[in-house]
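There are 2 protein chains.
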Amino acid sequence: MNKIKTLLFVILVASVSVNAQSIRSDLPLMPWPKEIKENATKFMIDSDLSISVNGEDHGRVRNAAVSFLRRLTDRTGVFLKEGFPVNNTDSQIQINFESVSNLNINDDESYFLVVTNDNIVINANTDIGALRGIQTLLQLVSYDEEGYYFPGVTIKDSPRFVWRGLMIDVARHFQPIDVLKRNLDAMASVKLNVFHWHLTDDQGFRVESKVYLKLHEKASDGLYYTQEQIKDVVAYASNLGIRVVPEFDIPGHATAILSAYPELGSIEGATYTVERNSGIFNPTLDPTNDKTYEFLNNLFKEITPLFPDEYFHIGGDENKGKHWDENKKIQRFKRKNKLKTNHDLQTYFNIKLEKTLNKLGKKLMGWDEIMTPNMPTTAIIHSWRGENEGFPTGGTLIDAAKNGYNTVLSAGFYIDRMLSIEHHYSVEPIGDVILTQEERSRILGGEATMWSELVTPLTIDSRIWPRTAAIAERFWSPKEVNDIDNMKDRLKEVSFRLEELGITHIKNRDVILRNMTNNKDINPLITLSKVCEPVKVYTRNEGGTEYKTFSPFTLFADACVTDAEDAALFNDVVSNFINEADNDNSIQVLSFLNKWSKNHDSFLKISNQPNVKPLEALSLNLSKVSTILVSAFTNKSLTNTDLEKLNSSSNILKKDHVDVELVIAESLQQLIKHCELSYLIQ
Amino acid sequence: MNKIKTLLFVILVASVSVNAQSIRSDLPLMPWPKEIKENATKFMIDSDLSISVNGEDHGRVRNAAVSFLRRLTDRTGVFLKEGFPVNNTDSQIQINFESVSNLNINDDESYFLVVTNDNIVINANTDIGALRGIQTLLQLVSYDEEGYYFPGVTIKDSPRFVWRGLMIDVARHFQPIDVLKRNLDAMASVKLNVFHWHLTDDQGFRVESKVYLKLHEKASDGLYYTQEQIKDVVAYASNLGIRVVPEFDIPGHATAILSAYPELGSIEGATYTVERNSGIFNPTLDPTNDKTYEFLNNLFKEITPLFPDEYFHIGGDENKGKHWDENKKIQRFKRKNKLKTNHDLQTYFNIKLEKTLNKLGKKLMGWDEIMTPNMPTTAIIHSWRGENEGFPTGGTLIDAAKNGYNTVLSAGFYIDRMLSIEHHYSVEPIGDVILTQEERSRILGGEATMWSELVTPLTIDSRIWPRTAAIAERFWSPKEVNDIDNMKDRLKEVSFRLEELGITHIKNRDVILRNMTNNKDINPLITLSKVCEPVKVYTRNEGGTEYKTFSPFTLFADACVTDAEDAALFNDVVSNFINEADNDNSIQVLSFLNKWSKNHDSFLKISNQPNVKPLEALSLNLSKVSTILVSAFTNKSLTNTDLEKLNSSSNILKKDHVDVELVIAESLQQLIKHCELSYLIQ
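In order, the protein sequence lines correspond to chains A and B.
Quick note on numbering: the first sequence equals residues -4 to 677 in the working numbering.
Quick note on numbering: the second sequence equals residues -4 to 677 in the working numbering.
Don't take each hint at face value.
Each pair may be met inside one copy or between any two copies, as identical chains are not told apart.
List of simulated lysine-lysine pairs, DSBU-like, C-alpha gap at most 35 Å [to be verified]:
{"#": "1", "residue 1": "K350", "residue 2": "K209"}
{"#": "2", "residue 1": "K608", "residue 2": "K640"}
{"#": "3", "residue 1": "K176", "residue 2": "K502"}
{"#": "4", "residue 1": "K76", "residue 2": "K525"}
{"#": "5", "residue 1": "K76", "residue 2": "K354"}
Source of the hints: derived by calculation from the structure; they are not laboratory data.
Quick caveat, the model's predicted, so the values are computed rather than measured.
Whenever a hint applies, use it, and build me the whole structure from the sequences.
Here is the structure:
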């Protein structure tokens, strides 16, 4: 090992440390490392490749090395002689680390990675750092006519934020263990390190309780995790260097709990049933009832040992206290305890919870509503309310840090809103705000939030990925790594590679389309899906009652994704064309228009399918607009009749169609305008 | 309920009972029911659809009804008002059953199913029968321009064989829980009722033991099932009406066990390591060592309670006793105990095991080598050796039945041999053999066997499905249901619908091809994959050492499947053309040839990919042959030079290419011959 370290030292001294933002290369690394220097060497991947792991405890790193060998083999098709790590300091890939981490927010995740012709070395202080380095190495795999290789690099890397999370809501739609595990694998591949598990809500209580059996028996429709399964997921995550922070959302979002134990509710004698719709509901725990605290004490005592992490998320969001207002006993309690508002009452509740959790060795975390004057600063404030909710950009993050709280940002990272990757990637958590060093250190990081009202195991991956990979870069890489086009280029490769980990975001599109067409030709729908995106920011399920939890999520909107592939290309091409209507740009525009013009003929062959029919107006009018535009461009001539047809069809295309929007509608409008100005026959 | 029964009675009386084989319809039912009568009514599927379950215990059937509603919703896109079964005897779908089954080979799985305009009734004696009926109902879903509906039918159904199994080998390649669960779902959908879980072999011991920790710690590479996971799988299967029969393969196939406990081996002082290759190996438990029995007694005592089924499979196959021959102590033991052959020694071992298992409440089952004169007839003989192994067609099944043993057939159902569905479907377990009623009753049924030397979680589904659906029909339906073309028509629909259950056999082809091309255009490879099949009957891994367990299974052969789609069509078309070279047939032949002729141009754009390159000879020569044939047919003329080129390319095409064979090579040869005879310019 000494020899290797000396070698490493020489290389490091020889390479000048370069700032991330000044490097632009073809390497599909994501998140982009802090410092990287490329060199001209090439480590060829052949059957002799072997790995040694050198460190105090091989658990996590050995597991990662085995997984590395499998992924490398499967990706490259190379038949290795040694399929497992070897105990041999002469092996070509050396992974060295000093200590084993306890997994907490003080973990050292830094690593050095050096690739040369004959050797690869990953050096890290902790096993977690080694894991991060192994993921970077896998992203480096390149190929040419000679075969697969690792390109020569020297990388020195560490994260900007210590808390880089993905929240998955398993309450609105239950997500089985395999969905979670494959998403944990994907998280690890982009160096996310917190899985925030939103386990309870109005629509379900997803944890087996051996103390309060009715919770999983009556409030889950049979869809819950056993305690053994929870331990399994937590261990799986730990093996990947990912902390698991559970959330039990209280005192609001509690319909499921109250459907099992109505006596804890704020309306005396009420009965509750598990909620099937989406939205904000009134059933709320009674914070004035001793039995509520007895229940929570017992439940947390039972549940907290399953989750070794020091943080425990109690939700605390979106409680307007309507049922508190309706209960005279609660009103009396407020007056007696000088609690003026429902918010004060909720703070009273939170502070009691905070003590309960402290006794169990846990620190409380909650959504930003919990930030009230009396809340102890040991709590973490999870900032979620942003412009949408009337809060400044960046949500309540900076306030929390200035108020002395550790804080995590989710405002701006609500991936369920189906906004573009550009939107999320551009959210800068701190921006130009000037903070003291202490305040800065309280900003732990951020979390993408996958609320699951409109996603099922079939579709959840395509809502999380690939956007969360770019968000992961926002959390890990230096602030200055912010070139959107460059990110998009790298994201294409990263997105494709997620399939290696079992992520279904690519392959399940066709599954949905095959189902829609009863296994007929899906190509016309693929063409449409590449220019359509699901409607955004909760307009799909306006009012929360169109879709129930058991409604179909196998519709065209479910096959569509954000950042629609052809739309992005076409919108660029049109923008170029409007700037300069030269031949090259014109050819590209026409190539798209011709495709859509012809697509409707294929569409008509499947339009008798019950679930295809509703797309007919979209397909027909896209074809009409494209056909007339092609003719206008080709003949350099547009009649008034055709212009009317264009405008009429264009207006139809601008509307929502079965929960999707045609995201090239504006570009088509520009082309119509262009034709009108250039070619209209007066 | 009385009202419903009366209604049902009237319908049943009105419909004449018809034998299965005389009915041929478009309904994609598989297995085909024993009796079916179609009527002109139509039950439209709309938001009012609701289900009631009426029976003693709602566990399994309620679960199946919920799953039915989800699948129906997802398939049809209908927004139901009630997403769960309702307690209402007026609901449109009534599921009635009398008693709850214990899950054993005496289960009554029969059901009646009646669909009319306004009502659907499933009547069954047991909950298991009701489950079978629900699966049939799901297969009935049809559609027209008005929407989705159930066509009117009266079905009276029950199985021919009581044991209808799928064996999955999780030792050679470990298969995670989600792979097993989705395959159990698929099994239930085609009414299979036994999951034979091959848990141990030379390549791995896949069960957590709390008594002998080294078994899972040292002999599984970390890939094993915890006892909790096993309970979970068994419960999941039971919920679907599927029994779970575990197999612990001994005394041979025991390298993994001996790598953990070498002291139980037949070579004193030997050390063993988990096997990475495929084949038959010599490490064998020592049947003369008391410690072996102590170990097995303790292990079985620990393990058997996890598996409630009355049968316990001990393997017992492929032990030649080489290590016994090498051990003088064992030789002395044989002489002392008058055991002449190694087979006698193994019988001695088996009989001791049989007693051990009996004490634990289990009956022994083993591969057909265990059938020796002294073996008690309480054992089940699992017939696997057929023509390949020098045994008569149908293996040892009939012998076993005549010898007084209950018996199960796997000879002919080895789906890992990559043979056609036609081959397996045509295996008739009993045939024209004349048996007494008692002998016939001993033939319990059969099992498809998925040995996993060459499959991983990525590919296993495409090796099991859709062929196992047709095998399931062989086990369930009357012997007379044997029309291969009709089966193939139905299988297309059944295969597609398996995707609804998460089976990955369709979608993972493209995953593999995307990986092979590093996400470039996969269409040229799709075209090739539709005329190529993996090489058959163990020629892929000749000698068992080319592929180790950790070798890549992400190659072109892994993307290919048996019964290649275009090959079947083309071979039919050529056969028609050779019979009658008319215009219609000629157009169809040319359409294929033109596709393959052009395909090589697209192929060349990806041929620089390291894992695509090895396919170049195949693609090039297929293109050459196709191009020359097109020209010959079009010009009605063939030069000698072209004929030579055809024959030269054709010879190349007949060879294996990277573990696949071009299964249209013979048809191409016929076309070449045809051209030579018709068009050659002398």
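Numbers of unmet hints, in rising order: When the structure is compared with the hints, only number 5 turns out to be violated.
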